Structure formats: structure tokens, C-alpha cells
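Asker: Got chain Y; can you put chains L and A on it based on the hints?
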Amino acid sequence: MSWTLYFPYAVAFWLFFIGCFGVAHSRNLIHTILSLTVVQSSTYILLLSIGFHAKAGAPIFSPANPPGSPSVDPIVQALTLTDIVVGATVTALLLTLTIQIHRRRGTIDPRDLRPMRG
Amino acid sequence: MSPRSRTIFFLGFAAIGFGVLVYAVQGLPQFGTFSGAYSSFLLSTGTMARSIENIATAVNFDYRGFDTMGEEYIFFTSVTGVLFMLSGLRGRAVQHEERNETAQTRGQSGAIRMIATGAAGFVAANGIYVAAHTTATPGGGFQGGAVFGSAFAFIYLGVGYAAFMTTAKREIFDAFEAFGAGCYVLLGVATAFAAGAFLKNSLYTGQSGAIVSGGLVYLINAAVFIEIACGFVVLLSVFIHQTRQVQESEE
Amino acid sequence: MSVLAPLCVAVPLIAAALLLPFSKVMPRWLSATIASLATLTVIGLSVTLALYTAFNGTAVHWMGGWAPHHGLAIGISFSVDPVGAGLAAFIALLVFAATMYTWQGFDTTGTMFHSLLMAFLAAMCGYALTGDIFNMFVWFELMTAAAIALTAHKIEEAESIEGAINLAVTNTIAGFMVLLGIALIYGRTDALNLAQLGQIVAQRPADALVLASFGLIVTGYFVKGAVAPFHFWLDDAHAVAPTPICVLFSGIMVQVALYGVARIYWTVFSPSLASHTHEIKALFVGVGVATALIGAIMAFAQRHLKRLLAFSTVSHSGMFVAALGLFNAAGAAAAAIFIVAHGLIKSALFICAGTYLNRFRSLDEEVLGGRGKECRVNSALFLIGGLALAGIPPFAISAAKMMYDAALKEHGLFAIAVVMGFVTAIDAGAVLRSGIHITWGIGKAQKTGFSPREEETECEEERWEHTPWPALWAPLLLIAIAIFVGTNGTFWNAISSAAHAFVNRDLYVAAVLNGVHRVIWVYSPHRVTLEDIGVNLAVTAAAVIAAFVGLFRDHIPQMLSPVFGPPLKSLRALHSGIFTDYVAYMVFGIAAYSAWLVLGAK
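Protein chains in written order, with our numbering: chain Y, 1 to 118; chain L, 1 to 251; chain A, 1 to 602.
Just chain Y, with the same shape it has in the complex (with noise of 0.2 angstroms):
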């Protein structure tokens, strides 16, 4: 079938949304970060789906598998390193927050922050 074929890519924006979904719908701000973290993730599969070769290995070589020998794409790989360690980053951050808004209003959850209204 051939949507079979593109489903890894379905995939990754079905997470987008379902990780949005959490944000808009979070009643806790940790719950708020894991869903940024399922929002990361759609831009792995992505990146890693695209870069897919059938039936070839790791841009990894060695005498047993010398350079030429099939393997997947090592741009997605890199991009996809330097994309994880920018949503560590923005987690502490985050983190960060959460603990200091918890400490001035006694509370975690978006709806009870006193917003800037208007």
C-alpha cells in the first residue's frame, strides 16, 4: 500500500500536534515540558525517516565495512544530535522556571498563574 510509505512521516506530525494539544490543555507545568519533549521528538522521526536507506548500515566503518558499503544518511544524524541537546537545554530552563514560579505563587498550574490579562 502505498501510504505505508509515507507513514513515518504522518508520524512525525501527528506527535507536532498531539504535543501542542498537551501544551494548550497542560494543567501542570511539568506536564507543559514533556509535551514540548513529544513536540521535540516529532522533529527526530522526521529527520531520521527522511534520512532512512533501506538495507544499509550505520555511517559507521571499519575493516568489515568499508567505505561505499550502503549506509544511511550521516547529516541527519548530526542534525539530529545538535536538536536533542537544544531541547535539553530549554528543559533546564524551563525546569528552572517552574521552580521559581512554585516558590512565589504556591502553585504549578497555568490556569492559577495570575495572567497579564488585556
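By construction, these hints were calculated from the structure, which means they are not laboratory data.
Sample of chain L residues facing chain Y (criterion: CB under 8 angstroms; computed from the structure): (1) Ser35; (2) Asn54; (3) Ile55; (4) Val82.
This structure is a prediction, so every number in the text was calculated from the model and none was measured.
We put the CB at the ideal spot given by N, CA and C, even for glycine.
Answerer: Only chains L and A this time, still in chain Y's reference frame:
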């Protein structure tokens, strides 16, 4: 917006967005059929050019090393940001409360403490091992640094807060983290003036398959390892200190 | 010579790494000095690059020495053209103004503030100079990380943290949207260099994939660029961020993101989207007009000075998008000079607002009413800034508006020019209204809108008794530069020429991939006519009238309030301050933009 209306609003537009994007995605090459000039070129010439067997490392630290420098600074900035926002008295010296450490360590037997310390040492060594074998294995500075940082978690869990705070001195690790970050840029500037291009890999690249190979890649990798490892230790120390403050305020 | 480009990024990064370990022992004047020296170095480097590239064509530096292999780009390039270098110089200039402000009387609590500021400078300069699409994303994420930490500077106040959370959540999702777009276009082309991408994408007309990729990238950068419906985080962040950071956000960070969109459009997508320009122009101009109107109306309904100025930035951002949406050199030149003019004036206004905060512990129009007499120079600068924002000659915005209206009229969009004039009047009218009420206490203050009536100051002491010299010299310097920009015809010609090089894709690709550097000179002087000056004076007069209408609104008949009241109320309700709503609006924006581009452009 009320929660119900927000849900309906969101689901409606998310469905439209999802539909449009999935329709568009059919223009991509089918899953498993990717091929292109850029990646083929790198795969075929990477090992020859730089004696690096792990092409992803070569891409990360050599061909696209400038991106990795930016990424490293994202990590640096967020550790700075966490320190900025959480160091209690903000830039002035923080006094550690030492009075309750005997209560902490009292509940732990000698066996736990010994195993934890041993495990911490083993994990730290493993981190260095992973980082050192960057050119021939899937290891690298980032991965090794994260493993090294987690060794300190063993000390906190097994031996206690006081021991953790004694080993993970924030100022020292902070200085080393800045050192690692600065080294990366300084290497780039040095090669810019010495070899004509920023971050140009003009050092002797060694033999492919050897542990020390890849030329400048190895030095950059070491700088990244120092920065990430020390950054993780600083983050752990700051966050664990926060749990301590909560406990003290609850007493 | 091209090696100067990575140095623009390397110098601030080294400064950032240097400043961090000594955070407890270094006195503030030393860290401010180091930061200022680094910033001045970047100004020098980028001005040199701007002059060099103006006479020698696009300068390209390949990182790691990886020059293109038979036309295949394998490394990361810094492709510097006059617009990029000029933008980097302007970024460094505003960061210098912000650093100068922190010299005295600002509580930086250690050197970490300056370290983060240096990382922020490096990120923006890197974004302006790079020629690689993924490298742009990396610098974009560094900007976001630094922005989160810098917004939450006043960590003792809960509102600061809330503003930072809103910024963090929305901008993080934006970054991921950009990355999805990059992944899609990479999947089609297997290239990451802007010139290379353009070459491969141009080979056939755009299909749904290219349009979706363009849509995702544009949407992601528009979040940073505070374009509707993604602008909601900006006012929350501005209301709580310290003054030098507000200067940078409004002055240049928002505009840098719009530059990114323009750069990506011109180098990557312009040939293949040539058959869809009508729909894309409609999208950009429409969204620009909507953003401008929303920003101006919300600005008028604010009582918190920084929030008011933030909404004014939103409306100007809409104007920039409308100008860029004309997709020709005239529009790009108008947007460029407008960005410079707006950055200078808005920064001066924010610094004046910061002085009010530190003198009187409040930014609320009602609390400050009449107290402006105690700091006369500052109030005078604020009022001059408000008039300059309206477009009074000889300040820079008048020149910018002349070029802007000319570009729109050339395109046949005279009605849009009128709408933008109206928007400017309301916008500047809001600033003038607050300025007049604060200085002389006449009229009735704005009563609606979010505002904590009393706030923590940003200085170390309880409050300033007298305004320290950096807080007066910084806005004076900026306004002086604005007068220079507004009257110097050479500068206008330089920007016009740079814009022509910016939109010329062949020149860029030849320089980057083939090493062929050519320069084109386009001499199209804009003649200042009496009609232009008259239009600007008319808009300024309208702004002053709007200010007085706002002050004396009790005296005008209440007939119109049933017409204007409910829409204004629902617009204000949309700006709810909770990021959950903002993410819902973002998804609406993604769906709307993608559907318009992919389905409408068939």
C-alpha cells in the same frame, strides 16, 4: 478562552493543519529511498579525508563543526541561565547549610556508600571512554559528557548530600565549563589565523581506526566533553541544592 | 577579509565564556567594560565588512576550509552581503546602547547578565551573517535560550517568570516548526546551504512539499517576529523584562527574524514560487495589515508603558512584513530603513520608560501622571520620541515612511499606505498620550489594561534620586543617530543599493558556489518632495489629535462606544496571558498559513 471552546478550536485547526501537512509530505522520497549528492559525497570521502570512521562525528565536528559550536553555546547559555535564575543569592557567595548531613548519611549502610562510590568511579571512567573513542564508535564528547555528569548523581543518591556538595564544587566546575566552551571558539580563531579558515582541520589526522585520529576533531571533542560534563555537574548541583532548600523551608 | 565574519561571532562568544567563571569576584564596571569592548569590536568588524562587500560583492567564508566541491556545498558558509553586515552592525550598536545603560545604576547581580548578553549578541550576528539554513536555526535557538534567561532577570517578581514562561513555550515550539520545515526541504534537495538549496529547488515549480516547507519556516520565524496570530508572547515578555532587554527585543530581535524570512525567501524559494507570488504577496500583506491594526489598537488600550511600547512594536512588525511582502527591491529597501529607524526610536523610548521606572517605581500611566515634571530631560526625550515615531521630519522614521509609501504606491497599494498611516497615527498617539499625561498630568489616564501599579526597580538602590548619565546619554545618542539617518541621502542610497543586491539571487549564488564576486550599483535616489513632508506632518498631527482624544475622551459623545466597545473587548480577551491559549492560536496560525499556501496556491 474557556477550556471547552479552546479544545474545539484547537482540534478543528489541528486537524486542518495535519491534513494539509500530510498531503504535502507525499512529495518527499518514499521512506527508505533517500539518496543525495551531499550525503553520498560525505560517506565516500569522509574516512579518506580525515581518518574518521564515524561519519556522523566527522559531520558534527569537522564538516559542520560551526553548528556544533553554536549548539555548545546553547548549552552554555542555558547553564548560565539556570545559575542566573536559581543561585539563590544571585552572584554572591552561597552559604551551604551543613548541619543536617549526619542525619542524611545515618540512614545508609557502608555497603551502599561503597557500591555507590565505586559505581560513580566506573561510570565516570566509562564517560571518558565513550568520549575518547569518538572517531571510530558512536561515542563522542556530548554522549561521554552526559555519562560523566550522571556519575555524580550516584554520589548524591548513594552517599548523601554533603558528600555530593563536597565533590561537586560549583565554582570549579563552572570555571571548567566556561573553559571548555571558550576553547572551542579559541581553536576556531587560532585556525582562522593560522590556516586561513575558521575551524579548519589542519592538524595531522592520524590513522583511521586509531583512538586518537581526526586531527582538530579530537581536540574539539575534548573541549566539548569538558564543557558538557562540567555543565551537567553544575546543573545537578544547582537542582539538588533546590530540593534541599525546600526541605529546609518545610522543617 | 572574509575571515572577519566568523570573528563577529567568535569575539562575543569568547567574552561570554570569559565573563562567566568570575561572576562573584568581578566588579560590575569591569564586566560592563569587557562587554562594551567586545561589542565595539563587533561594530568595527561588521562596518568593515559592510563597506568591503558594498564595493566587492558578497564575501563568503567557508568554515573548516570546506570550499564547494564542483559546485556542491559541503561546509557551512558565512555569506556576507551589505544587508547582512549592515544588520550585524546595527545589532551591535543597539547592544552597545544596552550595555552602556547597564554601566551605572542597573542591578546586574554579577557578571552573568553580561555573559548572557554577549551570547545573545553572538546569536543575532551569526543569524544575520550565515548562509546555511540549519546554522540559522542554531543561532535562532541560542537567541531563544538567552532571551528566556534575560527576561526572567527580575526573578523575585512572579510576573517576570510568567512572561519568561510564555516566551519560552511559544518560541520553543516555533523553533521546532522551523526545524520541521528544514527537514522537509532537506528531504527534497539533500542540501543545507541557502544558495545550493535555491539552485536545486529552482529546477522545477513549487509543489505542495516546497510550499509546506516554506509555510512552516515562515510560521516559525513569524513567531519570533511577533506577527499575528503569533505575537501574543511579546507584550507579556516586554512588560516584565529589564529595560536593556526590552531595547534589544523590540529594537532588533523581532526584526532579525523577519530578515531571516526575507533571506530564505529570496535565496531558496523565489524562483520556484514565482508562479505563486500573487497568493504569497496577499498572505504577507494581509497578515501585515492585520498585525499592524491589532498592535496599534491594543497599544492605545494600554496603561503600562512597556506593554504599550511592545504593542507598538507588534504593529511596526506588521508594517515591515507588509513591505517585505511586496517582494521587490523597493519594498526590501523600505523595510530595511524602517527597521533601522524604528529600532533607534523605540530603543530610546524604552530607555526613557526605564528611567521612569527607576525614579518613580512605576510604569503605570495613572500613577505617573504629572510626575514627569521632576525629570524634565527624560520627559522631553520621551515626547520627542513619540513625535519621531509618528514620522515628524527630520527623524529617521520620516525618511523611512517616505520610502515605504513610495514602495507601496509603486505597487498600486495606495489604500494600504493610507491604512498604515492611520496605524502610525494611533500608535504614536498612544505614546504621546502617555507622555503628555505623565509630563503635565492633563487629561484622564488610561484605565484599562494590565498593570501592576507599583513595581520593583531595576537598580541596586531603592530608587534613583537623580537620573544617572548613562540613562540620559543613551537615548540622546540614539535620537542623534536617528536624525543623521533621517537626513543623510548617502545612507538612503547605500541601503537602496544593498537591497537591490539582497534580492538578486544570481549574484548571491555565483558568489557562494562559484566564487565569482560581482557588484551591481543601483543609483535610484529618492527625492524628498514637499508632498512627502506634508504627508508626514499630517500623520504627526493626526497622532497628536489621537493623543488628545485619548486624554479627553470623557468629553466626546459616547455614541460610538457600542460600535467600538465589544470588538475591543473581545480583542483584549484574546490576549489572556496564559500560554495555553497562545499555543492554540499558534496552531490556528499554522493551519491557516499552510492551508492558504498549499491549497490556495494551486
